[in-house]
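Q: Each chain is listed here by its residues.
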Amino acid sequence: MVGLSSEDVEAFGLTLHLAATVTLLLLLIGAPSAWWLARTRSRLKPLIAAVVALPLVLPPTVLGFYLLLLLGPQGAVGHLMSSLGLSLLPFTFGGLVVGSMLYSLPFVVQPLQNAFEAIGEGPLEAAACLRAGPFDRFWSVALPLALPGIVSAAVLGFAHTVGEFGVVLMIGGNIPGQTRVLSMRIYDHVEAGDYAQAHTLSICLLAVSFAALLAMTLLRPQLRANV
Amino acid sequence: MSEATHDAPSGLVADLIRKHGALSIAFDASIPASGVTALFGPSGAGKTSCLRMIAGLDRGAAGRLSFAGETWQDSRRRIFVPPHRRRVGYIAQAPGLFEHLDVAGNLDFAWRRAGRPADLGRDNLIDQFGLRSLLARKVVALSGGERQRVAIVRALLSDPALLLLDEPLSALDGAAREDLLGRLEVLHARLAVPMIYVSHAIDEVARLADHMVLLDAGRVVAQGPLNATVTRLDLPRALIEAAGAVIAGVVTAQDSADHLTELTFDGGVLLLPRDNAAIGERLRCRVSARDVVLTLERQNGSSALNQIACRVIAVGDADHPSQALVQLAAGGTVLLARITRRSMTLLDLHPGKLIWAQVKATALGA
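If you read the protein sequences in the order shown, they are chains A and B.
The first sequence begins at 400 in our numbering and counts up by one.
The second sequence begins at 81 in our numbering and counts up by one.
Derived by calculation from the structure, the hints in this document are not laboratory data.
Don't take each hint at face value.
As the list claims (entries may be wrong) - Only part of the chain B face toward chain A is listed, based on derived beta-carbon distances under 10 Å:
no.: 1; residue: Ala135
no.: 2; residue: Arg157
no.: 3; residue: Phe160
no.: 4; residue: Pro162
no.: 5; residue: His164
no.: 6; residue: Gly169
no.: 7; residue: Pro197
no.: 8; residue: Leu200
no.: 9; residue: Pro240
no.: 10; residue: Leu244
To be verified - Listed next, with one range per pair, are the computed distances between beta-carbon atoms:
no.: 11; chain 1: B; residue 1: Ala174; chain 2: A; residue 2: Ala448; range: 24 to 34 Å
no.: 12; chain 1: B; residue 1: Lys218; chain 2: A; residue 2: Ala614; range: 21 to 31 Å
no.: 13; chain 1: B; residue 1: Asp207; chain 2: A; residue 2: Leu453; range: 54 to 64 Å
no.: 14; chain 1: B; residue 1: Ala255; chain 2: A; residue 2: Thr439; range: 39 to 49 Å
no.: 15; chain 1: A; residue 1: Pro445; chain 2: B; residue 2: Lys218; range: 50 to 60 Å
no.: 16; chain 1: A; residue 1: Pro458; chain 2: B; residue 2: Thr151; range: 28 to 38 Å
no.: 17; chain 1: B; residue 1: Arg217; chain 2: A; residue 2: Pro431; range: 29 to 39 Å
no.: 18; chain 1: B; residue 1: Ser250; chain 2: A; residue 2: Leu453; range: 41 to 51 Å
no.: 19; chain 1: A; residue 1: Ala475; chain 2: B; residue 2: Gly224; range: 57 to 67 Å
Glycine is no exception: its CB is placed at the ideal position from the N, C-alpha and C atoms.
Pulled out of the complex, with its shape left as it was, chain B reads as follows (with noise of 0.2 Å):
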């Protein structure tokens, strides 16, 4: 399957132009062969229109674009391999399936042109998605939240080298949204091939990606693995609200009486309100900039559970003039804080001083 060439880089390696009207849009990013890479932006940040270009689907782009050493565009050497030469399993916002087709259908439309591969655990799929009791139905008579689960089974099914997701959690109410992203959880530690994912949510971004491209007005500003990427203190204003450690650890404890798992990482342990942690279960968890409040010292008679041992980094600006971000090192793990300038001032804060970070558990999430 892998045509690629020793030296070749085995990603998506893409360099492509594309005016939209007045958004000139200009894709250059590499993205790695394995996990999940979260394509993030504000919206009208051009998001859509790069997974488009990469899934084949947008002919007026300019450039070069390359998958596993596969050339798939190079307007120089007049290369353009079209959508259903890609091996792209795409879905969009709007999940496009056939309504002349059951479920079912939709499912074996993909299957049988993938060539019908029995490695691929097609009844695994249906299970894993909760499509069994779905087959038979119409697609018209389908839930938003089981639409999508349609969708992505039929792209799955399709045996794609490279899954592209459009916002799959957008147009879904908070049930159906925590249910599919709970799957997509599952689906993210299983899967063999890359994915890209796009959104604009950053609790999604926190929980699925392993790896971020930043866009912004149509220009990939930063990209990197996920926590180097949201912890930079030269992100865009735009994004400035997604500035923020993700913590990734392993439950070193279940207190089921005050309903707190005990998440030990890199740098430290921390406490979050938790209910059904397993002991050894990978976890991560989203500390924004704006939930941490620096200490000098560790307190003794605070509110806030967590108290994490810290290295400052660097500082730097925030998006008001009364307010900077602090880069911290805890141990391994580099987290962020927002604060305001007056509060630098005072606690002397440069790079190198040791300091404590107070974390709410509250501010944790479920």
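One chain only, chain A, in its complex shape (with noise of 0.2 Å):
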């Protein structure tokens, strides 16, 4: 093994920075969402479900793909994007973000709808009747409730972003700084043969996810007993 360059380093620190950022996005979306699929009797909701779970099946070069269409300069969002002045999506950060939320988006929100589910209609039932309105109750009773839930998905989202690969090849281009992360990396060392640097590169990526599951592993029981 040997040290680290300060690509690599710049590539550590990026996929750090982009799955963080797609976790709370991830979240911030996932919640409202697992909340409804856990909670509607739509009939949409079989449909949605299975639009949600997509990814976990889907192969990520082909998600990759059709986002490299769709947010390109001759795809749907893309034209829209241009005409309304705003810089294209594929081969940027932003980019990767979306790209890597769609990707991740199974991983956050079946373990919150999962966590919602759990909780059952009685605590909800009661607070309707204290006087807890919808949002109320979502916010004092849902959200608390389904905490050991939400750090699940959290750690799961986080770590899958980490070690995605095939998003990003197709939409994140392997640019220095702004799209080039560890995995993409990885790749790079392993093409050139310099094997001794992509060992380091996967010890530091292996470490950071069994730091996370093992972090979510010991807090979860912890959160438990002090909520």
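With the hints as a guide, dock the two chains, each given alone in a separate frame, to form the complex.
A: In structure tokens form, the structure reads like this:
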């Protein structure tokens, strides 16, 4: 094993930045979505649930490919964005965030949905009869009771984003400081035959992933006891 | 608080229909604006469903529901007031405490949303239900009885206009059950808002209720003041075990040597086994129809301590062809006796006949 080059450190920082941004945004979007999925009796529920789960089974390259088409200058979204005077997303950090959010969506929404479903009707009905309106029930009852699930969702979303490759390859390119994340860097090193460097970075990734999971298992029982 | 127009009934008026699989529930009832109304019936009669419709927790119900002149639901006019705007305190069988909060946090959740009303007597309620020492406890560390007590105080602290209790004693064992029943009796005496109390245990109903709505197979089969309802001759078969008078009276003597309490009621005097009654205390006593023996004359050599002079009001069928139910008037109190048809013929019972009702004091419980 050898030390990290400054480029490697940059890629490492970028990866953490990306994963943190994506996790935060996914929690903000995922919590209401998961709440809706857990509570709704709408006929659309199976359809929406399938769409959310799609990235679980879809090859990341396929997801990235369609995103590239959609967000590119010829795509519907890309066309709209350029007509609004916005810069295009492919091969930017913003594009990576969007791609990674889609890719990690089920890893955040499903633990959240399970956690909300596990609460059951009892506490929520009790809250309703204690004059708590719908948003109040979500904020003061559902979210705190789902806290262990929220931690799981955050850890899974973070770890999954750290490890992505296919989507990044498609819509990120490999721009240093912009879109060159750790997994790209490892690929580069292996391509160049620099196995030692690849090894160092891989160990770093392994350590991050392991630490995240360990933190989750250590934190969960404590959350249960303290809340 | 009350927006009732002068001619609107001020209690709860329900005319609701709900299909639950095979059971269709028709809840057509009128519940007074004060006192405890028991929603009584066998398991599966639809009692909990009715309570949930009142609380607004079941959007699948159709019909009309109003409370204190305010419409809570009218499916024809597409009105449905959601539960958080109904001001009901609903205590479910599983009390739904918030496990992320301690006991104090649970109570505060309700009190804060009611606007911290000072006149609610928060501290008194906490003491009355013995929660003072539990305030810092985690909800998961509470016993079944403690959970129910927290749920009841929490509901009371939300300053409800109507209190709904769904079998709060059903999951409790003997001592915890008796403890909570005693506290509910005290609450009943002090509570200003009406309470609807779901139960399938007639002894709870006899001790707590002022009015009664009888449910059987999803239908309201009788409703009215408690004693008038439990002494009806036309009760459905499923409820006939509940038949029997609930006598309310005042303690006029306490015999500490024999451990007997003398209860004077409108129609006579009853002796019951009890140790701790205070003179002047109001007590209730259930006299099951099965525990009443009828005799043509007052007996001198009988072990039954209680003999009450009655007049036969009416005679009806019991749930077995060998038996009959006899409705009796003792002063202003109605009693019920279940006897065999053979005895009825032997005694030549008919409306208007004067007769003695014997009741063993031991049948009157403690």
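Q: Evaluate each hint against the coordinates.
A: Each hint, compared with the structure:
| no. | hint | in the structure |
| --- | --- | --- |
| 1 | Ala135 | holds, 6 Å |
| 2 | Arg157 | violated, 22 Å |
| 3 | Phe160 | violated, 13 Å |
| 4 | Pro162 | holds, 7 Å |
| 5 | His164 | holds, 5 Å |
| 6 | Gly169 | holds, 7 Å |
| 7 | Pro197 | violated, 12 Å |
| 8 | Leu200 | violated, 13 Å |
| 9 | Pro240 | holds, 8 Å |
| 10 | Leu244 | holds, 8 Å |
| 11 | Ala174(B) to Ala448(A): 24 to 34 Å | holds, 28 Å |
| 12 | Lys218(B) to Ala614(A): 21 to 31 Å | holds, 24 Å |
| 13 | Asp207(B) to Leu453(A): 54 to 64 Å | holds, 57 Å |
| 14 | Ala255(B) to Thr439(A): 39 to 49 Å | holds, 44 Å |
| 15 | Pro445(A) to Lys218(B): 50 to 60 Å | violated, 38 Å |
| 16 | Pro458(A) to Thr151(B): 28 to 38 Å | violated, 57 Å |
| 17 | Arg217(B) to Pro431(A): 29 to 39 Å | holds, 33 Å |
| 18 | Ser250(B) to Leu453(A): 41 to 51 Å | holds, 46 Å |
| 19 | Ala475(A) to Gly224(B): 57 to 67 Å | holds, 59 Å |
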